Amino acid sequence: EAQVTQNPRYLITVTGKKLTVTCSQNMNHEYMSWYRQDPGLGLRQIYYSMNVEVTDKGDVPEGYKVSRKEKRNFPLILESPSPNQTSLYFCASSLSNYGTGEAFFGQGTRLTVV
Amino acid sequence: TQLLEQSPQFLSIQEGENLTVYCNSSSVFSSLQWYRQEPGEGPVLLVTVVTGGEVKKLKRLTFQFGDARKDSSLHITAAQPGDTGLYLCAGGGGTSYGKLTFGQGTILTVHP
Chain A
155 EAQVTQNPRY
165 LITVTGKKLT
175 VTCSQNMNHE
185 YMSWYRQDPG
195 LGLRQIYYSM
205 NVEVTDKGDV
215 PEGYKVSRKE
225 KRNFPLILES
235 PSPNQTSLYF
245 CASSLSNYGT
255 GEAFFGQGTR
265 LTVV
Chain B
7 TQLLEQSPQF
17 LSIQEGENLT
27 VYCNSSSVFS
37 SLQWYRQEPG
47 EGPVLLVTVV
57 TGGEVKKLKR
67 LTFQFGDARK
77 DSSLHITAAQ
87 PGDTGLYLCA
97 GGGGTSYGKL
107 TFGQGTILTV
117 HP
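Protein chains in written order, with the numbering used here: chain A, 155 to 268; chain B, 7 to 118.
The following block holds chain A by itself, in its conformation from the complex (with noise of 0.2 Å):
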């Protein structure tokens, strides 16, 4: 089954902990993607990747990092999570390197930091 998996589904931490998100895709989709949805802001990305060891930032990149060593996986890391980073999270990937088409999300990870 074509899917987009991310772990945890739910995270509880405490500030300056470094967490890592995974994800991984199993389309050979070139293009993945991290967002933040937040209520009321709907989806912002914070990075995107067009291929391996091509990755850029989205529009609220701080205070994470993403890494693209092999096409499937695009984790998303937080070396200092603070509690402005309480969020739901969302891994993404498209078949279209531009990142215009169709995109299969992830199930979500629920992040909270105390």
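There's no promise every hint is true.
Said to hold, decoys possible - Facing chain B, from chain A, some residues (calculated, C-beta under 10 Å):
{"hint": "1", "residue": "Val158"}
{"hint": "2", "residue": "Gln160"}
{"hint": "3", "residue": "Gly260"}
{"hint": "4", "residue": "Gly262"}
To be clear, the hints were calculated from the coordinates, so they are not data collected in a lab.
Given the structure is predicted, the values throughout are model-derived calculations rather than measurements.
From the three backbone atoms N, C-alpha and C, an ideal C-beta is built for every residue, glycine too.
Place chain B on chain A using the hints.
Structure of chain B alone, referenced to chain A:
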């Protein structure tokens, strides 16, 4: 930065009513997508429109892309409780190279 303004933000209606959700921008997009998101899930694509003036129908849902490719609308006829969810528009292309720009979303509740 391209912005998409979606309205209304909330919509609460009775089963059988019609409704329209709007998605507007001052920028031109090469494509406009509509997604539906249910609680606990990621958004799922409903439709993509790419040509100015294009109209697409998906059962009781009608999607329109403005002639100038700056705006779009989603019209639902005879809404049903199963239509309840968050509807998101997303613009691709234009000056937003390499990304989709999402609207804030419309939370639709259809009461039986």
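Outcome of the hint check:
At about 8 Å, the closest approach between the beta carbon of valine 158(A) and any beta carbon in chain B falls short of 10 Å, and the interface hint on this residue holds. Because the beta carbon of glutamine 160(A) sits about 9 Å from the nearest beta carbon in chain B, less than 10 Å, this interface hint is met. With a least beta-carbon distance of about 6 Å to chain B, the hint placing glycine 260(A) at the interface is held under the 10 Å criterion. A distance limit of 10 Å between C-beta atoms decides the matter here; for glycine 262(A) the minimum to chain B is near 6 Å, and the interface restraint holds.
Checked against the numbered hints above, the structure breaks none of them.
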